[in-house]
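So the chains spell out like this:
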Amino acid sequence: MHLNFKNKKITGILSVLPANEINYVDEIGNYNFSEKQSLKLGKIMGYGTRRIVNEGTTVSDLCSYGLNYLFEKNLLDKDSIGAVVLCTQSPDQFLPATSNIIAGKVNLNEDVISLDINQGCAGYEVGLMQAFMLLNTGSINKVVLLNADILSKKISIKDRNSRPLVGDGASVTIIENSNDNEEIDLFIKMDGTGAFSLQIPAGGFKLPSTEQTAELVEDVAGNLRALDHLVMKGDEVFNFVQTKVPEMLFDMFEKLGIDKTYFDYYFFHQPNKFMLEKLAEKINIPYEKMPNNICEKYGNGSNITVPLNICENLGAKALTESYRVCLGGFGVGLTWSLIKWKLEKLDFCKIINY
Amino acid sequence: MTDLQNLSRLKEKPFVTNCYMLENEMFDAEQSSYFDIQMSLELVCLYKNTKYNFKQMYFFVNQDQLLKRELFNWKEKYFVVENVTQIKLAKQNELITKWLCNNGIYHYRTFLRMYCLDCMDYSDIDFSIIQNPNGLDFENIKENLESNFDIYAERIPSVEELRNLNKSIYIIKIENEIAALLISEQKGRTEEIRYWLVGQNYRDKGFGGLLMKYFLNKNRQTKRYTLWVDRINKNAINKYESFGFVKDRIVNSIYINKNIMVDKIISILVDTRPEFDFNDETLGFMDAGYLDSFDIVTIVADLEEAFDVKISGALILPENFQSLESIVNMVQNSKNAS
Chain A
1 MHLNFKNKKI TGILSVLPAN EINYVDEIGN YNFSEKQSLK LGKIMGYGTR
51 RIVNEGTTVS DLCSYGLNYL FEKNLLDKDS IGAVVLCTQS PDQFLPATSN
101 IIAGKVNLNE DVISLDINQG CAGYEVGLMQ AFMLLNTGSI NKVVLLNADI
151 LSKKISIKDR NSRPLVGDGA SVTIIENSND NEEIDLFIKM DGTGAFSLQI
201 PAGGFKLPST EQTAELVEDV AGNLRALDHL VMKGDEVFNF VQTKVPEMLF
251 DMFEKLGIDK TYFDYYFFHQ PNKFMLEKLA EKINIPYEKM PNNICEKYGN
301 GSNITVPLNI CENLGAKALT ESYRVCLGGF GVGLTWSLIK WKLEKLDFCK
351 IINY
Chain B
1001 MTDLQNLSRL KEKPFVTNCY MLENEMFDAE QSSYFDIQMS LELVCLYKNT
1051 KYNFKQMYFF VNQDQLLKRE LFNWKEKYFV VENVTQIKLA KQNELITKWL
1101 CNNGIYHYRT FLRMYCLDCM DYSDIDFSII QNPNGLDFEN IKENLESNFD
1151 IYAERIPSVE ELRNLNKSIY IIKIENEIAA LLISEQKGRT EEIRYWLVGQ
1201 NYRDKGFGGL LMKYFLNKNR QTKRYTLWVD RINKNAINKY ESFGFVKDRI
1251 VNSIYINKNI MVDKIISILV DTRPEFDFND ETLGFMDAGY LDSFDIVTIV
1301 ADLEEAFDVK ISGALILPEN FQSLESIVNM VQNSKNAS
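From first to last, the protein sequence lines stand for chains A and B.
For the first sequence, the working numbering gives the first residue as 1, with consecutive numbering after it.
For the second sequence, the working numbering gives the first residue as 1001, with consecutive numbering after it.
The set of hints was computed from the structure by calculation and includes no laboratory data.
Treat the hints with caution; some may be incorrect.
For lysine-lysine, the following BS3-like pairs were computed, each having C-alpha atoms within a straight-line distance of at most 30 Å [as the list claims (entries may be wrong)]: (1) B:Lys1258 <-> A:Lys40; (2) B:Lys1310 <-> A:Lys40; (3) A:Lys154 <-> A:Lys260; (4) A:Lys244 <-> B:Lys1187; (5) A:Lys36 <-> B:Lys1142; (6) B:Lys1088 <-> A:Lys282; (7) A:Lys289 <-> B:Lys1335; (8) A:Lys233 <-> B:Lys1088; (9) A:Lys40 <-> B:Lys1335; (10) A:Lys260 <-> B:Lys1142; (11) B:Lys1223 <-> A:Lys244; (12) B:Lys1091 <-> A:Lys260; (13) A:Lys40 <-> A:Lys153; (14) B:Lys1247 <-> A:Lys289; (15) A:Lys8 <-> A:Lys255; (16) B:Lys1088 <-> A:Lys40; (17) B:Lys1205 <-> A:Lys282; (18) A:Lys8 <-> A:Lys233; (19) B:Lys1011 <-> A:Lys36; (20) B:Lys1239 <-> A:Lys233; (21) A:Lys43 <-> B:Lys1205; (22) B:Lys1258 <-> A:Lys36; (23) B:Lys1234 <-> A:Lys43; (24) B:Lys1205 <-> A:Lys36; (25) A:Lys282 <-> B:Lys1264; (26) B:Lys1075 <-> A:Lys282; (27) A:Lys289 <-> B:Lys1234; (28) A:Lys289 <-> B:Lys1011; (29) A:Lys36 <-> B:Lys1187; (30) B:Lys1264 <-> A:Lys36; (31) A:Lys282 <-> B:Lys1335; (32) A:Lys40 <-> B:Lys1239; (33) B:Lys1011 <-> B:Lys1187; (34) B:Lys1310 <-> A:Lys260; (35) B:Lys1187 <-> A:Lys43; (36) A:Lys36 <-> B:Lys1310; (37) B:Lys1264 <-> B:Lys1075; (38) A:Lys282 <-> B:Lys1247; (39) B:Lys1264 <-> A:Lys297.
Fair warning: this is a prediction, and the values are worked out from it, not measured in the lab.
Could you put the whole structure together from the sequences, leaning on the hints where they help?
Structure follows, in structure tokens:
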């Protein structure tokens, strides 16, 4: 699917990260693998430090903290918000929607629409798509897109396949109507036949959590995890990314009559360094144009890696310069998406600690 | 017919070779080869012994053969092929690579030649820490070379050869251990740097730079300095450039036969999963649980480093890691695509 939008701009991005930092090297002893193997894997995959929430911290805590920060710093006028869209896979509760909980926590008025979307690695692009459509109604001039996940709580500490990757955090992106005629092109595809390549099998209505679903079981590779934990078919996901994302990208180049040099940056979801390097090689662009430093510094925060990628790698430069960017998300669903956009000078672009 | 006559007959038609030895270096007075030889109307191969379990192979092949699919049975189990050529002959090199590949001999690494015609004056530097080796130093140097350089690509000299090179071996010893070394060899009016190495525990102390300055200073009368460097060793290339070396238009493409390649792949697999026997060809490594998707990641990185290749992400599929054969094919497909 190819969608085209106009007259929209991002005016600010804030990333909110838990202050609690975990180091991969300190956890190597948890895994059923030799230290040598784990260190080598860590170096290639880019496992370093990552941010993890403390017990009791929720998605609504991170998001409301970010919103209150923007209100207090006069970077966001509460009364100008028309809608809040939250993308998360780790809601506070099954019901109500976490965006409603957040709206209550920060005292948004009754005219503000609150929506939850269950999306992960492509959550930023899906959230932007929803924001664009809300702005197109003509009744809403400003949408707050919240992306947040705290999936570390759903990872077995003895799962070397997933544990070293996953970080937590939230981001707040402000999207507004503008007079800028710059076209925004959004490409998105979904393949439900791959829905279980990345999943948490238990804990929903189909298989509620019980003592049995909490029992750790060893897989063929020596990882221990329960049905309550996130499980990923690493090879399937990797191959999906390496085939589908370049396909979509080359298709986008052709449809829009551009080439790989058009973009200043490819701000892609960052599952791990290895996957990003392989993508950059496939597209034949320098690694620097597709930053891959988020996973090794903060962990793969699923929903938040794209906005965090922008905050980390552009930061204050985004306040004074404009950049042609390709945003990309791919993963759970399976969902993959790309956005061609021009980031005009932002009002804020930073990372804060929770 | 004698060996030499066989070769002469082949040379009557256009041919391609990687051999630059003179006839008297290859054949004795009775025109018999000094080396193991394999002959046919289209192909003459000489296999020169090394001190390892593989040989250096030199070929003379009828030019028409490069485009044919005819396959040869090689006489030796383990051998290496070097082909020194000019970069501008890329098209012919490509043909040779393809012909070798079709015959189970795979590109391994490529070395670039660098040269320097003029260097800075280093005469006011204190070089007193540098010495020539003696006694047991030669054994230690050989061990150092074997653990830091590739035996298939770097022609590691024997202890005897090192003793003969004595005056052009420069070392820095710290508490009786060789901390750094530089070995050169005079070739006509050219001084060729063969090895330049600083031990793992002695890096960032300026030893490497000091040795290079000493070497350049000592050979001030030399008209030309040369060296060969692995094209993927960007660090080394940068360092040589900082001393005034520039890239030449000559490359040495090194090929290994399939048996060497398979042995290297097995050692990579064993390094990843030492508990399993990867010589068992009846198993699918992934099906048997010998490897998982995260092992694949480290194996890909090792293969890329070992074989100077970038493996495409789209080829990183479980089925390409099921057997030694599938891994060989994946590496070759990646080479062909690059």
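The hints, checked one at a time:
1. B:Lys1258 <-> A:Lys40: holds, 27 Å
2. B:Lys1310 <-> A:Lys40: Status holds; Cα separation ~18 Å.
3. A:Lys154 <-> A:Lys260: violated, 37 Å
4. A:Lys244 <-> B:Lys1187: Violated, at about 54 Å.
5. A:Lys36 <-> B:Lys1142: Holds - the C-alpha atoms of Lys1142 (chain B) and Lys36 (chain A) are around 27 Å apart, at most 30 Å.
6. B:Lys1088 <-> A:Lys282: holds, 27 Å
7. A:Lys289 <-> B:Lys1335: With Cα atoms ~25 Å apart, Lys289 (chain A) and Lys1335 (chain B) stay inside 30 Å; holds.
8. A:Lys233 <-> B:Lys1088: violated, 47 Å
9. A:Lys40 <-> B:Lys1335: Distance ~24 Å between Lys40 (chain A) and Lys1335 (chain B) Cα, so the pair holds.
10. A:Lys260 <-> B:Lys1142: violated, 48 Å
11. B:Lys1223 <-> A:Lys244: violated, 56 Å
12. B:Lys1091 <-> A:Lys260: holds, 28 Å
13. A:Lys40 <-> A:Lys153: Roughly 26 Å separates the two Cα atoms, so the pair holds.
14. B:Lys1247 <-> A:Lys289: Distance of about 28 Å is within 30 Å: holds.
15. A:Lys8 <-> A:Lys255: Within the cut-off at roughly 21 Å; holds.
16. B:Lys1088 <-> A:Lys40: violated, 39 Å
17. B:Lys1205 <-> A:Lys282: violated, 39 Å
18. A:Lys8 <-> A:Lys233: violated, 37 Å
19. B:Lys1011 <-> A:Lys36: Violated, at about 54 Å.
20. B:Lys1239 <-> A:Lys233: Answer violated: Lys1239 (chain B) to Lys233 (chain A) is near 43 Å, above 30 Å.
21. A:Lys43 <-> B:Lys1205: holds, 26 Å
22. B:Lys1258 <-> A:Lys36: Holds - the C-alpha atoms of Lys36 (chain A) and Lys1258 (chain B) are around 29 Å apart, at most 30 Å.
23. B:Lys1234 <-> A:Lys43: Distance of about 19 Å is within 30 Å: holds.
24. B:Lys1205 <-> A:Lys36: Roughly 27 Å between the alpha carbons, so the hint for Lys1205 (chain B) and Lys36 (chain A) holds.
25. A:Lys282 <-> B:Lys1264: holds, 26 Å
26. B:Lys1075 <-> A:Lys282: violated, 39 Å
27. A:Lys289 <-> B:Lys1234: Holds, because 20 Å separates the two Cα atoms, which is no more than 30 Å.
28. A:Lys289 <-> B:Lys1011: Since the Cα atoms of Lys289 (chain A) and Lys1011 (chain B) sit roughly 52 Å apart, the hinted pair is violated (cutoff 30 Å).
29. A:Lys36 <-> B:Lys1187: violated, 44 Å
30. B:Lys1264 <-> A:Lys36: holds, 19 Å
31. A:Lys282 <-> B:Lys1335: Judged against 30 Å, a Cα distance of about 14 Å means the pair holds.
32. A:Lys40 <-> B:Lys1239: Since the Cα atoms of Lys40 (chain A) and Lys1239 (chain B) sit roughly 27 Å apart, the hinted pair holds (cutoff 30 Å).
33. B:Lys1011 <-> B:Lys1187: Status holds; Cα separation ~28 Å.
34. B:Lys1310 <-> A:Lys260: holds, 20 Å
35. B:Lys1187 <-> A:Lys43: Judged against 30 Å, a Cα distance of about 42 Å means the pair is violated.
36. A:Lys36 <-> B:Lys1310: It holds: about 24 Å lies between the C-alpha atoms, which stays within 30 Å.
37. B:Lys1264 <-> B:Lys1075: holds, 21 Å
38. A:Lys282 <-> B:Lys1247: Roughly 28 Å separates the two Cα atoms, so the pair holds.
39. B:Lys1264 <-> A:Lys297: violated, 34 Å
Violated hints, in rising order: 3, 4, 8, 10, 11, 16, 17, 18, 19, 20, 26, 28, 29, 35 and 39; the structure is consistent with all others.
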